[in-house]
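*Asks:* Sequence:
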Amino acid sequence: MSGTGDAPLAGVRVLELGAGYAAPTAGRMLRDFGAEVIKAEDPVNGDYARQWVPQKDGLSLGFGRLNSGKRSVGIDLRQSGGRDLVRRLAAEVDVVVESFRPGRLEGWGLGYDVLSEQNPSLVLTRISGFGQTGPYRNRPGFGTVAETASGFAHINGWPEHPPTSPPFGFADSIAGISAAMGTAMSLFRRERTGQGEVVDVALYEPLLFIVGDMVLKYTGLGEVQGRIGNSTGAASPRGIYRSADGKFLSIAASNQVIATRLFTAMGQPGMIEDPRFATGPARLEHDELLQKHVSDWVESLPRDEALAVLEEHEVVCAPVNDASDIVVDPHFLERSLMSITGPGGWDSVMTPGPVLHLSGYRGPAYDGVPLVGEHTHEVLGEGLGLSGDELGELVAGGVITGRGDVPG
Numbered sequence: 001m002s003g004t005g006d007a008p009l010a011g012v013r014v015l016e017l018g019a020g021y022a023a024p025t026a027g028r029m030l031r032d033f034g035a036e037v038i039k040a041e042d043p044v045n046g047d048y049a050r051q052w053v054p055q056k057d058g059l060s061l062g063f064g065r066l067n068s069g070k071r072s073v074g075i076d077l078r079q080s081g082g083r084d085l086v087r088r089l090a091a092e093v094d095v096v097v098e099s100f101r102p103g104r105l106e107g108w109g110l111g112y113d114v115l116s117e118q119n120p121s122l123v124l125t126r127i128s129g130f131g132q133t134g135p136y137r138n139r140p141g142f143g144t145v146a147e148t149a150s151g152f153a154h155i156n157g158w159p160e161h162p163p164t165s166p167p168f169g170f171a172d173s174i175a176g177i178s179a180a181m182g183t184a185m186s187l188f189r190r191e192r193t194g195q196g197e198v199v200d201v202a203l204y205e206p207l208l209f210i211v212g213d214m215v216l217k218y219t220g221l222g223e224v225q226g227r228i229g230n231s232t233g234a235a236s237p238r239g240i241y242r243s244a245d246g247k248f249l250s251i252a253a254s255n256q257v258i259a260t261r262l263f264t265a266m267g268q269p270g271m272i273e274d275p276r277f278a279t280g281p282a283r284l285e286h287d288e289l290l291q292k293h294v295s296d297w298v299e300s301l302p303r304d305e306a307l308a309v310l311e312e313h314e315v316v317c318a319p320v321n322d323a324s325d326i327v328v329d330p331h332f333l334e335r336s337l338m339s340i341t342g343p344g345g346w347d348s349v350m351t352p353g354p355v356l357h358l359s360g361y362r363g364p365a366y367d368g369v370p371l372v373g374e375h376t377h378e379v380l381g382e383g384l385g386l387s388g389d390e391l392g393e394l395v396a397g398g399v400i401t402g403r404g405d406v407p408g
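Using my numbering, the letters of the sequence shown correspond one by one to residues 1 to 408.
Calculated directly from the structure, the hints in this document are not laboratory data. C-beta atoms are modelled at their ideal positions from N, C-alpha and C, and glycine is treated no differently. Any given hint could be a false lead.
Unchecked claim - Between beta-carbon pairs, the in silico distance windows are:
hint : residue 1 : residue 2 : range
1    : V327      : A278      : 53 to 59 Å
2    : D113      : F142      : 26 to 32 Å
3    : P330      : G111      : 27 to 33 Å
4    : G111      : D6        : 32 to 38 Å
5    : V327      : A244      : 22 to 28 Å
6    : D329      : G267      : 42 to 48 Å
7    : P166      : H286      : 28 to 34 Å
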């Protein structure tokens with residue numbers, strides 16, 4: 001990894017037990033800032049996310065994005081020998097991240113009471129559908145459930161269409177980032193107290209916070225927020241507009257200064273004096289008419305020309321990018337995108353980098369997606385002191401794999 005010496009989490013060791021999306025996202029966030037992440041996987045098939053599509057060179061691109069640079073250890077948690085290895089590893093690390101249903105770790109003899117007895121400074125970060133407490137704690141949960149239960153799907157989309165979930169791991173990603181934040185906070189407190197603790201993250205809760213205005217609106221005003229398309233229902237004009245060449249751009253003129261700049265950019269500076277458009281509440285009341293004015297102006301110009309005029313007048317705007325736009329954008333190339341390597345080279349594959357930047361840290365390199373169990377012998381041999389014979393017996397019993405050649 002590049003720049004580990006100045007990484008804020010340099011020296012922190014993480015054992016990642018979770019599969020899929022949310023827990024590996026948390027692991028990646030921690031690795032991005034210098035932590036060593038040991039990923040415990042099923043010794044035969046590995047993390048089920050390895051089978052996700054699309055695939056390149058036999059490996060899931062999505063899996064590669066979340067797991068590049070981690071060290072893979074193949075351990076069968078269904079066997080007592082595998083669970084014993086996890087207990088021993090947990091005694092040597094700073095953080096364990098898991099995403100099993102509440103109670104599963106306890107049933108395996110891997111609850112925090114057991115792990116912290118060996119390692120009182122351990123931080124156990126737990127991600128589940130509905131959290132470790134409450135009436136729904138035992139319910140299974142994936143991101144789709146979180147996106148509907150939180151209310152997000154109800155307010156997402158257009159009024160004439162059904163509630164809409166996003167076509168990507170929205171809730172999982174936010175939960176994973178939140179889990180990494182909680183882990184970092186617990187590590188910070190551990191520096192002062194010497195004690196570890198449990199970080200409890202429910203998939204739906206970070207998303208519920210993001211859409212929290214709908215709860216305020218109902219409890220404060222008795223209004224149930226519905227779907228309103230690209231509008232916020234709180235300011236106008238705001239939205240996505242089609243240009244003369246059929247491309248799209250966004251404009252957010254959500255305050256008085258930006259609205260004034262927009263009208264000037266449109267060649268209609270007097271609109272700000274029109275009582276219908278002179279104030280925020282007035283613009284919102286006449287949103288449909290105002291949106292037509294903006295749409296007509298955008299449709300009169302090619303997108304690049306409209307954006308140039310808007311940027312000249314310092315109006316908040318952006319193109320609606322697709323992936324082919326993003327990967328050639330000079331701004332994103334400078335600060336937001338990084339190359340990722342895989343079993344077949346993947347020299348042209350790019351991934352979004354860290355979600356934030358620190359002035360004292362250069363950032364990571366995404367230096368290879370591990371094969372299933374690629375680092376098993378290395379981690380267990382060097383880390384736990386297991387001999388070659390002991391490792392051989394574990395391999396023979398199907399408890400671990402150390403071949404490092406299982407197809408991804």
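*Asks:* Take the hints in turn and mark each one as holding or not.
*Replies:* Hints, one by one, checked against the model:
1. V327 x A278: 53 to 59 Å: violated, 43 Å
2. D113 x F142: 26 to 32 Å: For D113 and F142 the Cβ distance comes to about 28 Å; the hint holds.
3. P330 x G111: 27 to 33 Å: violated, 50 Å
4. G111 x D6: 32 to 38 Å: holds, 36 Å
5. V327 x A244: 22 to 28 Å: About 25 Å separates the Cβ atoms of V327 and A244, which means 22 to 28 Å holds.
6. D329 x G267: 42 to 48 Å: Given range 42 to 48 Å: violated, Cβ gap about 28 Å.
7. P166 x H286: 28 to 34 Å: holds, 31 Å
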